[in-house]
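All letters in the sequence shown, in the order written, are residues 14 to 408 by my numbering.
Hints in this document: simulated from the structure, not taken from any laboratory. Some clues are possibly wrong.
[As the list claims (entries may be wrong)] Quick list of the computed label-pair ranges, beta carbon to beta carbon:
#1 Gln350 <-> Glu270: 32 to 40 Å
#2 Arg309 <-> Thr176: 54 to 62 Å
#3 Glu325 <-> Leu66: 34 to 42 Å
#4 Lys305 <-> Gly160: 45 to 53 Å
#5 Thr196 <-> Arg408: 33 to 41 Å
#6 Glu40 <-> Lys164: 20 to 28 Å
#7 Pro68 <-> Gln134: 33 to 41 Å
#8 Pro170 <-> Ser50: 36 to 44 Å
#9 Ser188 <-> Met241: 53 to 61 Å
#10 Pro68 <-> Arg320: 45 to 53 Å
#11 Leu66 <-> Ala366: 24 to 32 Å
Ideal Cβ placement from N, Cα and C applies to all residues, glycine included.
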Amino acid sequence: MTMIRRLVALVGLCGVALVVNGQSLKESVTYYQGCESLKPSYEGESVHPSPILQPGKIGKAFLIERRLFGNLIGDPDFKGDSEAWLSIGQPAFVKEGGFADPNCVVITDKDYVRQAVLGLQEHTLYCFSVYARSAEGGSLELAVKSGANSKQFQSRPLAADYTRHKLSLVADGSSATITIKATSAQKVHVDAAQLEPGKSWPSAFWPQATTFSPVQWVDIPATTISPMKGSVAFWLKPQWLGEESTGGFSFFAAAKEFTAYKDQKNAISIGAYRRPGKHGWENGFNITFIDKSGGRYGYTPVEWDARFKPDEWLHWVVTWDIKPGGESYSCCYLNGQKAGDLKFLSDSIEPPAKAQMGYSGGAYADSVMDEFYLFSRPVTAQEAMELHSLRARLR
Numbered sequence: 014m015t016m017i018r019r020l021v022a023l024v025g026l027c028g029v030a031l032v033v034n035g036q037s038l039k040e041s042v043t044y045y046q047g048c049e050s051l052k053p054s055y056e057g058e059s060v061h062p063s064p065i066l067q068p069g070k071i072g073k074a075f076l077i078e079r080r081l082f083g084n085l086i087g088d089p090d091f092k093g094d095s096e097a098w099l100s101i102g103q104p105a106f107v108k109e110g111g112f113a114d115p116n117c118v119v120i121t122d123k124d125y126v127r128q129a130v131l132g133l134q135e136h137t138l139y140c141f142s143v144y145a146r147s148a149e150g151g152s153l154e155l156a157v158k159s160g161a162n163s164k165q166f167q168s169r170p171l172a173a174d175y176t177r178h179k180l181s182l183v184a185d186g187s188s189a190t191i192t193i194k195a196t197s198a199q200k201v202h203v204d205a206a207q208l209e210p211g212k213s214w215p216s217a218f219w220p221q222a223t224t225f226s227p228v229q230w231v232d233i234p235a236t237t238i239s240p241m242k243g244s245v246a247f248w249l250k251p252q253w254l255g256e257e258s259t260g261g262f263s264f265f266a267a268a269k270e271f272t273a274y275k276d277q278k279n280a281i282s283i284g285a286y287r288r289p290g291k292h293g294w295e296n297g298f299n300i301t302f303i304d305k306s307g308g309r310y311g312y313t314p315v316e317w318d319a320r321f322k323p324d325e326w327l328h329w330v331v332t333w334d335i336k337p338g339g340e341s342y343s344c345c346y347l348n349g350q351k352a353g354d355l356k357f358l359s360d361s362i363e364p365p366a367k368a369q370m371g372y373s374g375g376a377y378a379d380s381v382m383d384e385f386y387l388f389s390r391p392v393t394a395q396e397a398m399e400l401h402s403l404r405a406r407l408r
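Whole structure, please, built from the sequences with the hints as guidance.
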């Protein structure tokens, strides 16, 4: 290492702005979405229709998702005016103290409820969830059985305020039996029961309907993307960690033209799959570059394994340096540390006409996203650590 390189490295470690090719990290920012407001900040930017504001890593954040609002459970808010629920013992259907409305059911280990649910599709993933509380510190037990498949969940002692509890199951046939009970004689209040297709969703209880929620994502001005040399950085809190899933997720995509994947050219895509038991790339964080000739170059630097927990914030940085006729390079950093890289021989990638945060080709982030940056050059390892340690907007 030359004396100049040693000096630059030392300056970066001492907290002074690191300069690469004449540009500091802040000077190389081409786009920033702090997720504090739904109002656009750039010409050509749009936030549509309205990602839900959530507590963020810094300030607020966007919950970007699309869900099928549906509930196969009869009398999900426990009004007690139907024969949907089978009472075991003497559960109390009461008119006060509920979550979604005043109604709820009070259960124990001897007095609980059960329901046979019809209309399921075989081999389809479903999520069963309820809201529960206990002033006596009781615990909740959920059970679902569909054909030969069965799952159980037992909560920790419940708080006096409602919390959501969920259980996923793949249907084995067109019906399932769900059971909601307490684990002891301590009373538990339960409300807002829901059985819906797909993975677990964090947004809201949906009494009874079947309709898609509005599509949520952010359109990024294409002029802020540097397809030949650049970086993207963002905080991500996946809603599907610890859950089963049947689909893919998109966090960032840029392309000259969005077409069917097999026909795609001139694109950069960053997303994930959560399909344990499938191919290796179907259970990891995926990075793909597609050049103007249609050549595809991708890697999976991180798999979703036991290291990652639900409700955990993860900081991602992905860099690229495309060199036609030479060796192109991409590097991925997770929480400030190098997670993987890829060297490849590619053609050039032409400037995109469209770029998106949280969506691409029918795949959604289904995550909380915060502090999204685009840079005009590859971020260095030291700068990736700096971005991870930031607790305010880069200044």
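Going through the hints against the structure:
{"no.": "1", "hint": "Gln350 <-> Glu270: 32 to 40 Å", "in the structure": "holds (35 Å)"}
{"no.": "2", "hint": "Arg309 <-> Thr176: 54 to 62 Å", "in the structure": "violated (44 Å)"}
{"no.": "3", "hint": "Glu325 <-> Leu66: 34 to 42 Å", "in the structure": "violated (20 Å)"}
{"no.": "4", "hint": "Lys305 <-> Gly160: 45 to 53 Å", "in the structure": "holds (50 Å)"}
{"no.": "5", "hint": "Thr196 <-> Arg408: 33 to 41 Å", "in the structure": "violated (52 Å)"}
{"no.": "6", "hint": "Glu40 <-> Lys164: 20 to 28 Å", "in the structure": "violated (52 Å)"}
{"no.": "7", "hint": "Pro68 <-> Gln134: 33 to 41 Å", "in the structure": "holds (35 Å)"}
{"no.": "8", "hint": "Pro170 <-> Ser50: 36 to 44 Å", "in the structure": "holds (39 Å)"}
{"no.": "9", "hint": "Ser188 <-> Met241: 53 to 61 Å", "in the structure": "holds (55 Å)"}
{"no.": "10", "hint": "Pro68 <-> Arg320: 45 to 53 Å", "in the structure": "violated (23 Å)"}
{"no.": "11", "hint": "Leu66 <-> Ala366: 24 to 32 Å", "in the structure": "holds (29 Å)"}
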